[in-house]
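Enquirer: In order, the protein sequence lines correspond to chains A and B.
Under our numbering, the letters of the first sequence match residues 1 to 455, in that order.
Under our numbering, the letters of the second sequence match residues 1001 to 1453, in that order.
It is worth saying that the hints were derived from the structure and are not from the lab.
Please read these numbers as outputs of a predicted model, since none were measured by experiment.
Careful: at least some of the hints might be erroneous.
[Unchecked claim] Reference listing, derived: stretches of chain A covered by chain B, where coverage requires no fewer than 3 residues with Cβ under 8 Å from a Cβ of chain B: (1) 19-25; (2) 130-144; (3) 404-410; (4) 438-445.
[What the hints assert, rightly or not] Simulated coverage check for chain B against chain A, where a stretch passes if three residues somewhere in it have a Cβ under 8 Å from a Cβ of chain A: (5) 1095-1105; (6) 1129-1139; (7) 1175-1181; (8) 1204-1215.
[Claimed, not checked] Sample of chain B residues with no beta-carbon within 12 Å of chain A, all distances over it, derived: (9) GLU1029; (10) THR1058; (11) GLU1122; (12) ARG1144; (13) VAL1145; (14) ARG1253; (15) GLY1284; (16) GLU1313; (17) THR1354; (18) ARG1387; (19) ASP1410.
C-beta atoms are modelled at their ideal positions from N, C-alpha and C, and glycine is treated no differently.
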Amino acid sequence: MKAIPTLKISISGVRGVVGDSLTPELVTRFAQAFGTYVGAGGIVIGRDPRTSGEMVQQAVVAGLVSSGCRVSDLGMVPTPTVQLLVRQLGAQGGIAITASHNPPEWNALKFVGGDGLFLSAARGRELLDIYHQGDYTRARGADQHAPVRVLDAVERHVRAVVAGLLPLASGRKLRVAVDPGGGAAVVAAPRLVEALGAEVLAIHTTADGRPPRPAEPLPQNLGALCEAVRSHAADIGFAQDMDGDRLAIVDEMGQPIGEELSLVLAADEVLAGTPGPVVTNLATTEAVEAMAARHGCPVFRTRVGEANVAEAMRAKRAVIGGEGNGGVIHPGVNFARDSLVGMALVLRRLARSGTAVSALAAEYRAFRVVKLQRHCPSEHVAMVLRRARERWAGRPLDLQDGVKVRLEDGWFILRPSNTEPVVRVIAESSSDERAHAIADEVLRDVAGWIAAAAG
Amino acid sequence: MEALKIGITGVRGVVGETLTPELVVRFAEAFGVYTGGGRVLVCRDPRPSGPMLQAAVTAGLLAVGCEVVDLGICPTPTLQLSVRPLGAKGGVSLTGGHNPPEWNALKFVRDDGLYLNAAQGEELLDVYHQGGFARARWDTLWTRVATHDAIPHHLERLRACFDVAAIRARRPRVAVDYGNGSCARLLPAWLKELGCEVLAINDDVELPFSRLPEPSVAAAAQARAIVLAAGADLGLVTDADGERLSLVDDTARALSEELTLPLAAEAALVRRKGPVVTNVSTSGLVDRVAARHGASVVRTPVGQAYISEAILEHAAAVGGEGNGGVAVPELQPSHDSAATVGLLLEHLARSGSTLSKLASALPALAVHKLALAVPPRLLFSALQEFREAVADVAEASVDLRDGVKLSWPDGWVHVRASNTQSLVRVIAEAEDPARAEALALWARERLVRVGAR
């Protein structure tokens, strides 16, 4: 078996392991390529609290300044704060220094265009060409600009969310537990809850790059938050990932409701006030359709990835959108997966309805999603997808992204990871057992195909 | 692509052309590896390319596991003086020194505050060329850059070195043209402590350089005007990073930067007898001053690292070079214009003399300087051919420690490759100006024969 690569340069940016492949030289070249690509102008940068953040940021600053950009440094902030400030400051683009849910030895650069969206596949390819060509714009010293520190980025973000999403209904003082997981939202999450007029209890607020729990806000990683909700009799618990774009919810009984429902509950609140199209990806729960149907609103599905969802939202003039991993996008506030937006919407819903989170979640009890993955060497990926198309040729297929198959009692999607040598299967049915059985069967087939191909 | 010099004095180039962030990152990584990890101080002069270089240097140092302490904009000697008290393994000063503003450079300082010497510079270059630097893992990286103001320590050390009371009693009137260089962060406080009445111009490090940073007679124009208008006792013309200094006397005459060392040597030898260290290319004026005090002169190759090590080796009373750089060993064996100012003001105060009197007491020696462009690929072979061509010049004594220096009883000529540019420098000196010029032209003619322009 080949060594697991520690560097991934792709149209969605560059990610790698610090101390190994992600060298400052490579980072400073990539930053120069980006500065060359967007042209001399304002660039907003921010980072998550990884231990390598300072090193990577210095290399990014050197590259951007060298290419003549004016750098606005937000410091340690959620990725959606970078995206929001790109638009607020009228910048040409942004760079978020974060490897989101990857382990702490990883870091990455994510590139944001002047519209606050991540670069699309096409634009990512153009950037990559410039990186490889190596002919970067180099400003003379007299045309370079020292980076400027922006100290109120989180406050601006919180203000934008509060202003965009109105105050909570009065009469019910909500108690809210937040678990930013020692990530980029350690300041922003409690601050937002306060600004919305709720009572906040925060855990895991030390952001020193040594995460107190695994970065992904999956149910199995939220034990401390569940405990905090129970012991403080909170109305709800919120958990974020390392860079503050994804949101997971724990109900008032200390039970995670599953990150798929973050988008559903948030969208429900938006559609109640402003009906309109909803956009999500192919791999997200169909509870979205059930929710939207109640408001008489259409749902559009895209390939997986924030850039794909955001672009379709713009094309369809969607009022809300996002992904099943807990990423909520409200175009009126921030054209980005933004956990602060998700929190504000869900809290507004709670305050307005007077019901408990568990009751809201119970409406979608019939949508059970299971996510599994297995190792798949890259040379077998195409074969696996071909065999899957043949295997389920008699079923309705959607081939926009991997292979999505509609079954009589649910659906599943099989797709390769963009970042690791694995294939993932996401299955949904009306019970956990059935969803599991579907996903297990798919992975058994995949294992058989790989074994046959390997001889 | 001639605007890059990677050599034992560091790496120097034009930002926007050859001095790229990736090159600087790699060099910083090499230096971090060379120091063995640990604390490294970083400072810069006010050039507009400084922030870019500093970010690149910081990234490289952090990546190989160093702790970076950012001293901000300050003179190089301020950094050098802070290395030991801060327990640092070394320092990097980002400064183009006397070079024009589009240039910049990384100068490497070792754990005793001196520049890397030639052998160490070669070792650093080997590390750089080998590449494959051992980088720190995520759990051993330093996660933030500390900032530190090193100016107070420099002032404290300066106070301890000079007779502040004597200078204060005299209340000298001093005109200064900082040229918006780093000295504007140090000298104002030092001159204030010395009780000077100060008339300063171009003292804002946020503004572009007001003139070329090389202190010279031409650069002294504004300082002269102020000395004249205000009736100042002396004028100071500083470089970008606090090493070199040229002077304007009380009659508003701009003194050549070659006079800074002889004047400082006079002051130093009155304080304490001891050898004087300078390079082979520096004016013989310093020999005359040393002779007056019965002191010896030690000559080294050109470059501050040689001067500093010779100062320590010979327990020298003073050292320096003809470019206006002077080291006062009681403070540190490195060029430090704040120390030079202290030394001169103390001497003026104690002797009751004036700078014009001191200057006129120096013998008149004529210096003739030329620079010839030579393509980089021919630089050292041209010098080698020149050396062979003049090997049998009658009656001259030959010094080959740095280029070729030929000395006759009535004058000398020195031919050497620039450390910083693709040039051959010719400098000739004699009591008779015609003789100095003749010597320089004689050397030039022979250099042109072997390919110089």
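Enquirer: Hints first: check each against the structure and report whether it holds.
Expert: Cross-check of the supplied hints:
1. 19-25: Satisfied; 5 residues make the cut.
2. 130-144: holds (count 7)
3. 404-410: violated (count 0)
4. 438-445: violated (count 0)
5. 1095-1105: holds (count 3)
6. 1129-1139: Holds: 5 residues of the segment 1129-1139 of chain B have a Cβ under 8 Å from chain A.
7. 1175-1181: violated (count 0)
8. 1204-1215: violated (count 1)
9. GLU1029: Per Cβ check, GLU1029 (chain B) is inside 12 Å of chain A; nearest 7 Å; violated.
10. THR1058: violated, 4 Å
11. GLU1122: The assertion about GLU1122 (chain B) holds, with a minimum of 23 Å to chain A.
12. ARG1144: ARG1144 (chain B) is in fact no farther than 12 Å from some Cβ atom of chain A, at 5 Å.
13. VAL1145: Contrary to the label, VAL1145 (chain B) does not stay out of reach of chain A, its closest Cβ about 6 Å off (not over 12 Å).
14. ARG1253: Holds: least Cβ distance 33 Å, greater than 12 Å.
15. GLY1284: Nearest chain A Cβ is 38 Å from GLY1284 (chain B), so the label holds.
16. GLU1313: holds, 38 Å
17. THR1354: Non-interface label on THR1354 (chain B) holds, nearest chain A Cβ at 40 Å vs cutoff 12 Å.
18. ARG1387: holds, 37 Å
19. ASP1410: Fine: 45 Å to the nearest Cβ keeps ASP1410 (chain B) off the interface.
Checked against the numbered hints listed earlier, the structure breaks hints 3, 4, 7, 8, 9, 10, 12, 13; every other hint is satisfied.
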